[in-house]
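> What follows is the residue order along each chain.
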Amino acid sequence: MSQSWVGTSLPLKENVRLVAGRGRFIDDLGRPGMLHAAMLRSPHAHARILCIDIERAAALPGVTAVLTGADAARLSGPIRPLIPTTAAVPDYCLAVDRVRYVGEPVAAVAAVDRAVAEDALELIRVEYDPLPAVVDPEEALKPGAPLLYPELGTNVVWHDTLSYGDVDGAMARAHGVLRERFTIQRYASTPLETFGAMAAYDPGTDAFEFWTNDQRPGLTISILAASLGVPQSRIRLSCPDIGGAFGNKRRPAYLLICALLARMSGRPVKWIEDRIENLTALMHACNGVMDVELAYGADGTLLALSVRDISDEGKNLLTPTQHNLIKLGNIANGYRIPAIRYEAWSVLTTKCPSGANRGIGKPFMCFAVERSMAMLARKLGLDPAELRLRNYVTAAEMPYTTPPGAQYDSGDYPATLRLALERFGYAGWRVEQSRARQEGRLLGIGIATSIEPAGTNLASYELITGRRTVSGSAEAAMVRMEPDGNVRVAIGDPASGQGYETVIAQIVADELGLTPEAVAVARGFDSATTPWLYLSGNYSNKFSVTDVGAIVGAARRVADKLRRLAAHRLEIDPADLELRGGAAVVRGAPDRLVTFAELARTAYADVLGLPSGEEPGLEARHAYQNPLAAPVDADRRVRSQLVFSNAAHCCLVEVHPRTGVVTILKYLVVHDCGRELNPLIVEGMVHGSTVHGIGAALLEEFRYDEQGQLLTSTFMDYLKPTATDMPTIEVERLEHPSPFTPLGAKGVGEGGAIPGPAAVANAVEDALAPFGVTIRELPITPERVWRWIAPDQGSPKRRPAVAPGS
Amino acid sequence: MIPPAERLTVRLTVNGRVVEREIAARRSLADFLREDLGLTGTHVGCEHGVCGACTVLLDGRSARSCLLFAVQLDGATVTTIEGLTPRDGLSPLQQAFCDMHAMQCGFCTPGMIVATTELLENNPAPSEGEIREALGGNLCMCTGYVNIVRAVVQATAASPGTAREMS
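Chains H and X, in that order, are what the protein sequence lines are.
Counting in the numbering used here, the first sequence runs from 312 upward without gaps.
Counting in the numbering used here, the second sequence runs from 24 upward without gaps.
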């Protein structure tokens, strides 16, 4: 291999079009005769639908089709859930006889333009019989709580206790047990581009075509086909450029609504979610409650962890329990904890469906563990860094398997924290903090460290269903050298900002001895041309774990064939050839070569020149399954996720004692995601994910009232981080390659979203130490801070000084 | 009051070209640019004036095209990302965004370029604080703003005589 492109900070190919506004996003697409859809949504959190009158809407000039829940139930089948409920509760694309959250779609209109479609919505009359809302997940658990699905007899989708090791014994023998309760709010990554879809129906072939920014096309196609009652071969789905996704962009119901409207009207139908619909009804990370019991020895050694975790799913029938399962897989964080118990509830409430959101469950799990570590350090009079260093899984122990079965593959967790402390200037800031306190200034230092898994093994759902229906972690790709010697690549994972067109070109360039300019990576996804699997999609940090394997595997098949064709031409052994500079070159005889253009011409055009038995063409497909994915074992242990990056965050804040405003003065991340395929992309994701974590810590909350009305449904009241609020995130890196991924890379997409909330909370609590504040909830708004310190509105100088390290 | 669906004729200049169209009174400038003129580089992210993705220059000043009706703009001059992009290649500011990897999904980027263009016209050598302030009305969900600020700093440093220390 002449040059390694992998590992270089190659500027991104796709940026050249994006910076000029030449991306092609879903709302930039259109079709001749296309109609625009709009959806009527429930104003109630919970109500029976008594009747829907669409007559006036249907009669409005410009309206072509109106669809109600009753129509949907007649024209399509229910949406197939990933986790079957105990009794069948058919979930159609529109509410049929009952609404279960504010914003649930009850009817849809297709019209000549969006404005006319919205006019028509105003003419639809729906009579509701309101039912009691159930907003608090703990209330939803209680007997007598209002039931979303009376036929289930409960709001609980899953409740179980998983126990690994002698938790009770460890608790009994422990020097002490820290007992704390933490909650997390609902929030979401809210990609700047909202969700959208366009559907067309061809009555001649009874086939549907979809264009959408859905980030999990493989799974979505199977759901669409089942609900529409057509074979999957008659569904074509493509994804254009996707304007951010972060897990949020998945809602097969919306694609079904477009499909049904398209079939009714005989014209293509496009629907673009507006921001209020996005915030109200697409997807929130689960809010929840976690009770933590952490047993420790006198020196701070962790002995056992018992967690009781309630995940509020809202009306999520598609993917409930997802947050629970992922928390279980990451419960130990980076620590050696010999005994672990996890009691989980996945509970339905009358709120927006929960779903995947950058980190799924891990930000809350990390918040609970890292907040507990900060409290334990204070209790033991230890520096919080020292307590962590005493408990990390060490580099020498890798690969290390946690009690629930997660395997930490590589990394040096103590070194990561030590480097962070050094680069942050931890010791110096402790001195500065003491000095500032003397002046009445509230400075705080927060540390949080995390693991960041990559790749999901769907077999872990067997823990819930008791049987295996889906499993593994895999992706598929195609590499094709075109007849002119240039290369085209397609993969079943549509990028949503991860720079695939560049990093994949780097990988393939290395495998084939080309430059990245010679490798064109297809934008997005097209089920008719892209190789794909049920598991295909842009989720779960899976690029390094599966996608790279698929790309490398396909590229190596093409490389092998190039060597065979060249060997035939030069009459030597293929093993004596290397691929470099766009040619197959004889080792040790650089002037003996055949260019790829010549080989490609043979492969496609002069096929009589091929060696006997060799197929024409230079195209290969490869589906790669990461070998770490395995079924659940007899002790209910499973690798629910596959390889683990890690990070240490250090945060310096100042809290204004009168307004409660938290200002981040300094934020440093040291992270290790194994081999960095393109450090420019990696660093950008660390910045962005960290700011997601800070947003969750300080700003973002979907707040509901007792009637289940969402109070934060615009960007005026659901606050996102802005350039003026955020610090410059400083990033340092370590590189411990994974032995279990094809190029040693690990996940980096979720990154800072996982420890960010804990790091900020630890810093604020440290700043508020003179007030004795304990932070158990987020976000840390000025109002909350003010209430915490309100009883002591005077100067904190009057409070006893607190020792550094608290 | 004009009925929302009533159509009015307006004449305005978009990216240097005079455009005369009959437009529904309720059509936003963003929809007019995207749907009627095919200028899809202007993105719509919130439709309530917070996210800044739809930012254009209106008579040289940044404006939210989702909060303006196209029919308000008779006689106005509008510049979109397409109008800020050279026929060949990229502007120095766009090049700086590429060099510093100041975007990920790219959905906010046109609005960022437009907002920064206004900033640099008024203040060719802004401090980091001034850059952050000027971009405070443009949300980016991907980058955490770090590389965007770096790109603007680089763009200003690239113009001779305008380099200034970051605050």
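Some clues are possibly wrong.
[What the hints assert, rightly or not] A few chain X residues facing chain H, derived, Cβ under 8 Å: (1) T36; (2) N38; (3) V67; (4) F92; (5) D111; (6) F120; (7) C121; (8) C131.
[To be verified] Here chain X is said to cover these stretches of chain H; the calculated rule only asks that three of the stretch's residues, wherever they fall, bring their Cβ under 8 Å from a Cβ of chain X: (9) 542-554; (10) 960-966.
Because the hints were derived from the structure by calculation, they are not lab data.
Because the structure is a prediction, the values reported are computed rather than measured.
For each residue, glycine too, the CB sits at the ideal point set by N, CA and C.
> So which of the earlier hints does this model not fit?
Per hint list: 1, 2, 4, 5, 10 violated.
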